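Asks: Listed below are the residues making up each chain.
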Amino acid sequence: MPEETRGPTVGLFVTCLADLFRPSVGFATVKLLEDAQCRVEVPAAQTCCGQPAYNSGDREDARAIARQVIAAFEGYDYVVAPSGSCAGMLRVHYPALLADDEAWAERARAFAGKVHEIVSFLVDVRGVERVAAAFAGIVTYHDSCSSLRELGIRDQPRRLLKTVAGLKLAEMADTEACCGFGGTFCVKYPDISNAIVEKKTEAIAQSGAGTVLAGDLGCLLNIAGKLKRQGSTVRSRHVVEVLAGMTQSPAIGEAAD
Amino acid sequence: MDITSPAFKTNASRAIGDARLQAALVYTRAGFQEKRLGAVTALPEFDALRESARDIKDHTLAHLDLYLEAYEEKVREAGGEVHYAETAQEARDLILAICRQAGAKTVTKGKSMVAEEIGLNEHLEANGIVPIETDLGEYIIQLRHEAPSHIIAPAIHLTKEDVEGDFRRAHTDLPSGRNLSEPASLLDEARAVLRRKFAEAEVGITGANFLVAETGTSVIVTNEGNGDLTQMLPKVHIVLATIEKITPTLEDVSQILRVLSRSATGQEMTAYTTFSTGPRRGEDPDGPDEYHVVILDNGRSAMIGSEFQDMLRCIRCGACMNHCPVYQVVGGHAYGWVYPGPMGAVLTPTLIGVDKAGHLPNASSFCGRCESVCPMMIPLPKMMRHWREREFERHLSPTTYRTGLGLWAYFAKRPRLYRWATRLVARALGNLGGRKGRFRRLPLAGGWTRHRDLPAPEGQTFQEMWAERRRP
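Same order as they appear, the protein sequences are chains Y and R. Using my numbering, the letters of the first sequence correspond one by one to residues 1 to 257. Using my numbering, the letters of the second sequence correspond one by one to residues 1001 to 1472.
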């Protein structure tokens, strides 16, 4: 990262899933941010956005984690995450969670205003219109529920994907439908989650795409896991890997050759 | 009606394995979703109407006592009677007393979810009165001794072959060689059978979509016309409705009607929208001699001022369940009581207790589609989360789950410890699963690996790699 770059400083919220399962998503995000003239910093004091606690009714732990994230990130110009789900938690739910906390309510609101999901940040905030990447093949794009409905992200990833050389986008049916991941939902109600993801993988197969892309690793682990179990040859990748031109690493759930 | 909500998980798994049910549930997408989308797309001001509908209900709930009083006065002026029931039992007793007063042996019924909520049919039957459901879907499930599986399409869990079998079993006086292979022939047969019943009934019971404070009018929306016959032909008409059906003016009703049927069936208007004010007047050609309204609370007034108040805006269109990925695979019966889908996941715990209905607000991926299609803009996921908070506070969630969550939170609140632990996990899982890139089985991950593989971590955490890269 050259020191002389003039641009905003972005705190990268890596997300727990990218940190643990797929660091390459983190590095692809860093590349896209740097290409958009941002200085990227990664605070060490980050773990998870707190959704497992928040969505399980454990407000106290969720609040503690929210305060920890805000304290670590509020100094940056922007906070960016390669996930609509985590960005939605930081942007939409932290202010609600801390609304009654006098010391934190205002900080949470100010912080929330800086938070963005990576692809919408590139397009809406940084004005990125095209990427310098190539990917040969037909892809289909899965909208994660939080990106779509919490953050209103639908066109931004599609717009950038269309500028990837060699890439053809084939929409699947029912793009508004959930993939059945739902965080802890998928392990608390495995049979229901499975019945839902089966519909999603069927729609993916019908689209004729060789690769499914999405902006959330939660959905992707679920979808890739199901596709692999079904013996499908469709590959799964985070959308930033393709946009950053970093598709050398094996697709999700696949081994190095 | 028996409550099987505590067995939601088992109910759901059984439903998922039921191929016939799955075939029937396809209609929620092909029918309801697409029709709603067509109707909504054709009305550019739809979202503005939703906001207006929401505001009307919020205003009404803030002044509910005043509007209830005004409504009651208008009903009395029109010659009708208003009865208040605090509990389901009180409502059942009130209705039974009116039926007995009328010397009723047979009672026809329009579709009413509140009647299901209070178990009205069972109560009437136990007291020697025969209730006859006149809505086609309700009629079918009454023949089968089943509960509705959807709030506007009670028999949506059935295929037309199921219905043909039921009709052949029930209508034994009709020729056995008759052709019942088409939905239209089934409808004709039900219509002919029900016509006779309409004439027999001494009392007709309907629900209400709205109770209009301005005029004392009850409003029902139907597509079959059965509601009109139910309330016009018998000498006594009983309206059964809950407190939140109160709507200030006819103008408000017309506003909400514009979002109701579009959200429900994708129609601009239902085939029938019927306004009833009091009993038959001297100059009226027809109508009942008596007009009673039973207004039920059943815990709803306690929701006002609570984090569940917004639920009282619900107009029972069913859009939330039609768009719910969970409802679409488990169907309505799995929820184990009267109200299924997202609206049921919020409402049922208030009515039967979160100790019994605890699964319902948990069995959601929080995809948010219910809220996005709700014509009354009810924040359903947020309220499901509030139920989860109450369950967490009351230690109702399973111990193993709480322990796991507690352990995770301990690490998540200690970044240094977390970084160390995740490094170990990434390395261990990366080494174990690296060769294949995924796991078919993994200890403690059975919920995941029962149905899908678990992609293996790449082997190092991002934080670890980032720190290495930064090191001079």
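Rather than coming from a laboratory, the hints here were simulated on the basis of the structure. Since we're looking at a predicted model, the values are computed, not measured. Backbone N, C-alpha and C fix where the C-beta goes; we use that ideal spot for every residue, glycine too. Some clues are possibly wrong.
[Claimed, not checked] These stretches of chain R come out as covered by chain Y in the derived footprint (C-beta under 8 angstroms, 3 or more residues):
hint, segment
1, 1010-1020
2, 1042-1050
3, 1152-1163
4, 1383-1393
5, 1397-1405
6, 1417-1423
7, 1447-1456
Asks: Tell me if chain Y covers the segment 1042-1050 of chain R under the three-residue, 8 angstroms CB rule, please?
Replies: As far as the segment 1042-1050 of chain R goes, the hint is violated, because 0 residues have Cβ atoms under 8 angstroms from chain Y.
Asks: Quick one: see if chain Y covers the segment 1383-1393 of chain R, three-plus residues with Cβ-Cβ under 8 angstroms.
Replies: holds (count 8)
Asks: Verify this for me: three or more residues of the segment 1010-1020 of chain R with a beta carbon less than 8 angstroms from a beta carbon of chain Y.
Replies: holds (count 3)
Asks: Please count how many residues of the segment 1152-1163 of chain R have a CB within 8 angstroms of a CB from chain Y and say whether that reaches 3.
Replies: violated (count 0)
Asks: Establish whether the coverage given for the segment 1397-1405 of chain R by chain Y is satisfied; the threshold is a Cβ-Cβ distance below 8 angstroms, and no fewer than three residues must meet it.
Replies: holds (count 3)
Asks: Just to make sure I understand the rule, a stretch counts as covered if three or more of its residues have a C-beta closer than 8 angstroms to a C-beta of the chain. Does the segment 1417-1423 of chain R meet that for chain Y?
Replies: It holds: at least three residues are needed, and the segment 1417-1423 of chain R offers 3 whose Cβ sits within less than 8 angstroms of chain Y.
Asks: Would you say the segment 1447-1456 of chain R counts as covered by chain Y, given the rule of at least 3 residues with C-beta under 8 angstroms?
Replies: holds (count 9)
Checked against the numbered hints listed earlier, the structure breaks hints 2, 3; every other hint is satisfied.
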